[in-house]
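Participant: Based on these hints, arrange chain B on the given structure of chain A.
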Amino acid sequence: MKDKVKLKAIGVTKIFEEGKQKVVALKDFNLEVKENEFTVIVGPSGCGKSTFLYMVAGFEKPTEGKILLDGKPITKPGPDRGIVFQEPALYPWRTVLGNVMFGLEIMGMPKEKAKKKAMQYIKMVGLTGFENAYPHTLSGGMKQRVGIARALAYDPEILLMDEPFGALDAQTRKIMQQELVKIWEKTKKTVIFVTHSVIEAVYLADTIVVMTARPGRVKGIINVDLPRPRSYTDKEYLKIRERVLALLEEEVRKSLELERKI
Amino acid sequence: MYRFAVGYGLGILIGIPLGFLMGTSKHLYRLVSPILSILISIPTIAWVPLFLIIIGIGDETIILTIFLGCFFSIVYSTMYGVRSVSKELIWAAKIMGANKTAIFLKVVLPGALVSIITGLRLAVGYSWRALVGAEMLASITGGIGYMIYAARAFNAINRMFAGLFIIAVAGLLIDQFILGTIEKKTIEKWGMVRRRE
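From first to last, the protein sequence lines are chains A and B. If you read the first sequence in this note's numbering, its first letter stands for residue 34, the second for the next number, and so on. If you read the second sequence in this note's numbering, its first letter stands for residue 21, the second for the next number, and so on.
No lab work stands behind these hints, which were simulated from the structure alone. For clarity, every value in this text was computed on a predicted model and none was experimentally measured. It cannot be assumed that every hint is accurate.
[As the list claims (entries may be wrong)] Partial pick of chain A residues on the chain B-facing surface, computed with a CB cut under 8 Å:
| # | residue |
| --- | --- |
| 1 | 49 |
| 2 | 55 |
| 3 | 57 |
| 4 | 111 |
| 5 | 118 |
| 6 | 120 |
| 7 | 122 |
| 8 | 125 |
| 9 | 170 |
Even glycine gets a Cβ: it sits at the ideal position worked out from N, Cα and C.
In isolation and in its complexed conformation, chain A is listed as follows:
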């Protein structure tokens, strides 16, 4: 079904308290994410975009408001969601295969079946032949591929990505963006992807959510209706990029002001 709302954030406010200091990370944040869509959240650093993602994951709880996944409020982490972190957070004591199988193992899937399934995803991310390698022998881009395969292997409803390519070099980053589009087209998962790179956002997204400086709110939503794979130099692409940048610039300035005050 098209246009079905997969995830809904209603009036989400998150306040962090550290001693006497109170930091309002998000204030009255509302968002709808449609099924099978690729949503990218961009915003100045410290705007609470990762915090929002962690609340969707169930690692953090909203101070006010709620987040609904398929109509049900999120209360704790669970395998209906998958997550990829900036640092791939792989288990160094497990091989590539072992890492990708982790979720299936927890589900209690028989070993042979789990292995077969994991191998499919290893193939999908282009790591066939590396299944028995330990993470420390892999490059940054390869590790992140394992991270993606691990998050997809147990077939979650929604994939959360927290600046997954933020620590990669520019070339690898581009390749990973292209690969991710291919993977996404194969799986058609609902994705929420957090980044501060506008180039990345416009390349990947169906919908771009621009956030304000802290406390984070939705500043604007831009639909990217361009066919994939996109070109980084296409006229339409550049036009949209300009629009996003214009929205974002003001907020980045505000965010810098905030930092100066602290």
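Facilitator: Below, chain B alone, put in the same frame as chain A:
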């Protein structure tokens, strides 16, 4: 040797679980940590006279001393190992549906291993020290420490050296062949520590 094994074994058996609990539970940490901080500063051997009065001369006193000698380093290293496991590694397991037992067995335990092995290594040395000291004071039935100490009465320097040599070799064997092998097959293979060159 048997005294060493029992004392060190007890140290592992009690030290590692306690370390895990202290690494996981803030309350237990607050409760136990001050006590450990006080106890850790007391040289193990200083306990021996007290044990001699309470327990008397014999194996129990020696074993208890060895246990105390290795216990703290095992508890602390396990605790720090647990706390060194990153939030993301635990989060990743949680979102994949892992319950507490699975997180413990599949994430925290292997994640803490680098630190645990370091602690066990240090503990071997501490245990030997405690053993020799305790045997000098509390043994009537022999043992390496006792042998060195008793040799003094006969001016038998060669026997003293033999005793020292045995301790050194036994320490080396435990460190290299047991702990070293575990290290190679686990944390070194996983790239959690660099390979020795």
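Participant: For the restraint on residue 125 of chain A, tell me whether the closest CB of chain B is nearer than 8 Å.
Facilitator: At 5 Å from the nearest chain B Cβ, residue 125 of chain A passes the 8 Å test, so the hint holds.
Participant: Using 8 Å as the Cβ threshold, decide whether residue 120 of chain A counts as touching chain B.
Facilitator: 6 Å, holds
Participant: Holds or violated: is the Cβ of residue 57 of chain A closer than 8 Å to a Cβ in chain B?
Facilitator: 22 Å, violated
Participant: Does the CB of residue 118 of chain A sit less than 8 Å away from some CB of chain B?
Facilitator: Status holds, d = 5 Å.
Participant: Take the shortest C-beta to C-beta distance between residue 122 of chain A and chain B; is it under 8 Å?
Facilitator: 4 Å, holds
Participant: Does residue 170 of chain A meet its interface restraint, that is, does its C-beta lie within less than 8 Å of any C-beta in chain B?
Facilitator: This interface hint holds because 7 Å falls under the 8 Å limit.
Participant: Given residue 55 of chain A as an interface hint, is the shortest Cβ-Cβ distance to chain B below 8 Å?
Facilitator: 22 Å, violated
Participant: Does the nearest C-beta of chain B fall within a distance shorter than 8 Å of the C-beta of residue 49 of chain A?
Facilitator: 15 Å, violated
Participant: Please verify that hint: residue 111 of chain A, Cβ, nearest Cβ of chain B, below 8 Å or not.
Facilitator: Holds. Min distance 6 Å.
Checked against the numbered hints above, the structure breaks hints 1, 2 and 3 and satisfies the rest.
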